[in-house]
Amino acid sequence: MAKTAEQIRADLLRPLVRTSPAYWFAVAVAGSMVLAGVFAFSWQVYHGIGVWGLNWPVFWAFDITNFVFWIGISHAGTLISAILRLANAGWRRPVTRCAEAITVFALSIGAIIPICHLGRPWLFFWLVPYPTERHIWPNFRSPLLWDFVAILTYLSGSSLFLLLPMIPDAGAARDLVKGWRSKLYGLIALGWEGTPKQWHRLESAMHIMAIAIIPVAVSVHTIVSWDFAMTPVPGWHSTIFGPYFVVGAIFSGIAGLILAMALLRKFLHLEEYLEPIHFDHLGKLLLTFSLLWLYFTFAEHLTAWYGNDTAEMNVLWATIRGPFAPLFWAMVVCNFIIPFPILAIKRFRTITGACIASATVVIGMWLERFLIIVPTLENKFLPYSWGTYHPTWVEITLTVAGFGMMALLYLVFSKLVPMISMWELEAGVRKAPIYRRRAVHFDPQHATAKAGLAEADVSR
Amino acid sequence: MKALYALYSDPDAAQRAVNSLKLSGGALGIAERQIVVVSSEPFDGYDFSDEHAQTRIFLLASIGGIFGAILGLLFVRFTQLVYPLPTGGMPLTPRWTNGIILYETTMLGAILTTVVTLLITAGLPHLGRRLSDPEIWHGKILVGVTDPPETARPELEKQLRLAGAAEVKTA
Numbered sequence: 001m002a003k004t005a006e007q008i009r010a011d012l013l014r015p016l017v018r019t020s021p022a023y024w025f026a027v028a029v030a031g032s033m034v035l036a037g038v039f040a041f042s043w044q045v046y047h048g049i050g051v052w053g054l055n056w057p058v059f060w061a062f063d064i065t066n067f068v069f070w071i072g073i074s075h076a077g078t079l080i081s082a083i084l085r086l087a088n089a090g091w092r093r094p095v096t097r098c099a100e101a102i103t104v105f106a107l108s109i110g111a112i113i114p115i116c117h118l119g120r121p122w123l124f125f126w127l128v129p130y131p132t133e134r135h136i137w138p139n140f141r142s143p144l145l146w147d148f149v150a151i152l153t154y155l156s157g158s159s160l161f162l163l164l165p166m167i168p169d170a171g172a173a174r175d176l177v178k179g180w181r182s183k184l185y186g187l188i189a190l191g192w193e194g195t196p197k198q199w200h201r202l203e204s205a206m207h208i209m210a211i212a213i214i215p216v217a218v219s220v221h222t223i224v225s226w227d228f229a230m231t232p233v234p235g236w237h238s239t240i241f242g243p244y245f246v247v248g249a250i251f252s253g254i255a256g257l258i259l260a261m262a263l264l265r266k267f268l269h270l271e272e273y274l275e276p277i278h279f280d281h282l283g284k285l286l287l288t289f290s291l292l293w294l295y296f297t298f299a300e301h302l303t304a305w306y307g308n309d310t311a312e313m314n315v316l317w318a319t320i321r322g323p324f325a326p327l328f329w330a331m332v333v334c335n336f337i338i339p340f341p342i343l344a345i346k347r348f349r350t351i352t353g354a355c356i357a358s359a360t361v362v363i364g365m366w367l368e369r370f371l372i373i374v375p376t377l378e379n380k381f382l383p384y385s386w387g388t389y390h391p392t393w394v395e396i397t398l399t400v401a402g403f404g405m406m407a408l409l410y411l412v413f414s415k416l417v418p419m420i421s422m423w424e425l426e427a428g429v430r431k432a433p434i435y436r437r438r439a440v441h442f443d444p445q446h447a448t449a450k451a452g453l454a455e456a457d458v459s460r
Numbered sequence: 001m002k003a004l005y006a007l008y009s010d011p012d013a014a015q016r017a018v019n020s021l022k023l024s025g026g027a028l029g030i031a032e033r034q035i036v037v038v039s040s041e042p043f044d045g046y047d048f049s050d051e052h053a054q055t056r057i058f059l060l061a062s063i064g065g066i067f068g069a070i071l072g073l074l075f076v077r078f079t080q081l082v083y084p085l086p087t088g089g090m091p092l093t094p095r096w097t098n099g100i101i102l103y104e105t106t107m108l109g110a111i112l113t114t115v116v117t118l119l120i121t122a123g124l125p126h127l128g129r130r131l132s133d134p135e136i137w138h139g140k141i142l143v144g145v146t147d148p149p150e151t152a153r154p155e156l157e158k159q160l161r162l163a164g165a166a167e168v169k170t171a
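Listed in order, the protein sequences are those of chains A and B.
Position 45 of the first sequence, counted from 1, bears residue number 45 in the working numbering, the numbering being contiguous throughout.
Position 124 of the second sequence, counted from 1, bears residue number 124 in the working numbering, the numbering being contiguous throughout.
Excised from the complex, chain B in its bound form:
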């Protein structure tokens, strides 16, 4: 992966850079997915961040909870019916006590689904090369373009500088 990027101290400047890259991207032969933003903290409230806010993680967590409940129900009922304990005339599959197990398996299902969804949708674990710079851990925001066409480099560099970058780097 080749990349051209700049570092910004200010999220407003990073937003300007992203905006101008998007505007000129079509003419320069750059797709939106090639524009990369990397930061050491979340920047809620900025378009470069909020355009990724749409997620179905809540829905999937709920489905995971339902799945956990079904699994829990099958587990307790199967066990109680296949290995019947002497209950002294009481119900073999008591709803109240089974409900406690189901409650826990529901929550466990929701929690595990949330984590799995996070890992899948966030692309983790990521084993390939990643665009990064040690400066981002000192508060800078990286805005760059991956695999830019050679002909577009001077214009991209100009756009990144116009947005407020002191230096444009390559990776």
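Bound conformation, chain A alone:
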């Protein structure tokens, strides 16, 4: 990509000031989904949480499925971006901001879901540990509290990881666009000048953030898995749940990232920046995680089957050949049978191929989360505690609204911020070659800069 700085800025700032009819159509669709969700939630608040399909013994279903799913999707962004930054992978530059935005929005949606699940959601602030006359203090032994702390840390870190590299771009937008946008970007830019000292501090900070955010990302989904694994219940009490959830999270996250990038490419006309090579690389990552997912799924189910514990077998048979079998095999088809050949054969690993594979993975991973939760709750140790679960329209609508919310937040964000980091892209295009690090230096003994390439230029 041999573009000048001027062309890069013109291309990437254009979507902020020009809006196509397709954009408004997408906003209308996503907005309608969110409005439907608002209606369903209002209905739930008015009538109580009994409008959900939850009943003894299944007290967790769509809501926790969505919670785990969205926390998983959030792993796409910051984690991938941080790894690629630390590895100094040049191809990451157009991808990082798209990815980091997914993390922040998916985490926010994931964090809202437990609040929706509260009987009285307007008292959600009671969850925050502070001394009151109620004498309610958190139980630090509970994985649900670990969730709260881990998600708070990851959301704070990811938001800052997204915001910091936006500061120089906001500085550019502040000086290059007019009207209210210029004032908005002026606020975000915090008076950014672009001095070498500022650049170095920003790069150092991003480096440290990348180092810190990777273990946090891993911990978040491990802790989400412990919500289940710490319970001695068949199907959940497993030592591999931590890595199994982390792998699943990254798997679904990469799929979400590929879909988001493909949509941005199409609707914001970023074809020259989000190139087939990016989808090819991400497709290979997706393929790797498809295989890892298959390995973990096999190991998890084989161990249960080999142990032949009655309660474990009840859950296993209900999942793979009982009432949940259609969902289970659909999950296997979506997570492996379809994506594997598409992503393994180079000829099919195109943008369209990667998108088809990603769409099936997103569906498959939602099913996986559902199948981890509901069959176990329906088939506990003794038959008297068995039951069935059927979702209601309220839960289905709230699930759809989650996807609508994600799309809407992403659309609004893409209108306010360049979806590709302009300064990082420029730096990639015109990176100082290594040999110049030694060649151009300041020599106070001479009247002019006399070193390497610089000397030749001066003498001209």
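Hint data in this document are derived by calculation from the structure and do not stem from the laboratory.
Owing to the predicted nature of the structure, the values given are computational and were not obtained by experimental measurement.
C-beta: ideal position from N, C-alpha, C; glycine also.
Errors might be hidden in some of the hints.
As the list claims (entries may be wrong) - Below, a list of computed lysine-lysine pairs in the PhoX-like style, where the Cα atoms sit at most 25 Å apart:
hint, chain 1, residue 1, chain 2, residue 2
1, A, K266, A, K380
2, A, K197, B, K169
3, B, K22, A, K197
4, B, K169, A, K380
5, B, K158, B, K22
6, A, K178, A, K415
7, B, K158, B, K169
8, A, K346, A, K3
9, A, K178, B, K22
10, A, K284, A, K197
11, B, K2, B, K22
12, B, K22, B, K169
What the hints assert, rightly or not - Not close to chain A: a few residues of chain B, all C-beta gaps over 10 Å, as computed:
hint, residue
13, A3
14, L28
15, G29
16, I70
17, L74
18, G89
19, A110
20, E157
21, E167
22, V168
Let chain A serve as the given structure and place chain B on it in line with the hints.
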């Protein structure tokens, strides 16, 4: 703030300009801190950039992490001791589960300290006037001198032009 500056398309030319300004600065009554470089992207590998690379941000982030761990430890222990829950004979302050909270507060401490250090050391938010030119967002590198003595202006202009600037501007 008054300033005299030039724009360069090439980082080598910007480096030459900085070098010659530094060399002649003493004779012209200009301190090094008055020499300003502004660009739209980082230029690692050039002296005008790398002389600012020294930072203690890593050390401070580590201290922030330790501080976060201490705060987390105090928080969980204080809560558990002041509001003791029935634990059925198990330890009131369990190390394993407290460790999970400490891990997260350690990382949060490191992350927040990094951001605060960045803001302070990079001088953000910067509310005063800043030396800038719209051309830098089109790939140019600004090299200039803030508040130069009037008598030094012709010589500074000459130095900036010699380094390869087509035009010298004032702000």
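Structure-based check of each hint:
1. K266/A <-> K380/A: With Cα atoms ~48 Å apart, K266/A and K380/A exceed 25 Å; violated.
2. K197/A <-> K169/B: holds, 23 Å
3. K22/B <-> K197/A: holds, 17 Å
4. K169/B <-> K380/A: violated, 78 Å
5. K158/B <-> K22/B: Holds. K158/B to K22/B sits at ~14 Å (cutoff 25 Å).
6. K178/A <-> K415/A: holds, 15 Å
7. K158/B <-> K169/B: Holds - the C-alpha atoms of K169/B and K158/B are around 12 Å apart, at most 25 Å.
8. K346/A <-> K3/A: Distance of about 28 Å is beyond 25 Å: violated.
9. K178/A <-> K22/B: Outside the cut-off at roughly 37 Å; violated.
10. K284/A <-> K197/A: With a Cα-Cα distance of about 38 Å, the restraint between K284/A and K197/A is violated, given a limit of 25 Å.
11. K2/B <-> K22/B: Cα-Cα ~19 Å, so holds.
12. K22/B <-> K169/B: holds, 19 Å
13. A3: holds, 12 Å
14. L28: Answer for L28/B: holds, closest chain A Cβ roughly 14 Å.
15. G29: At roughly 18 Å from the nearest Cβ of chain A, G29/B sits farther out than 10 Å, so the non-interface label holds.
16. I70: At about 16 Å from chain A, I70/B clears the 10 Å cut-off, so the statement holds.
17. L74: Non-interface label on L74/B holds, nearest chain A Cβ at 13 Å vs cutoff 10 Å.
18. G89: The assertion about G89/B holds, with a minimum of 14 Å to chain A.
19. A110: A110/B not clear of chain A: closest Cβ-Cβ about 5 Å, inside 10 Å.
20. E157: holds, 17 Å
21. E167: holds, 17 Å
22. V168: Given a closest Cβ separation of 18 Å, the condition holds.
Comparing the model with each earlier hint shows violations of hints 1, 4, 8, 9, 10 and 19; every other hint is respected.
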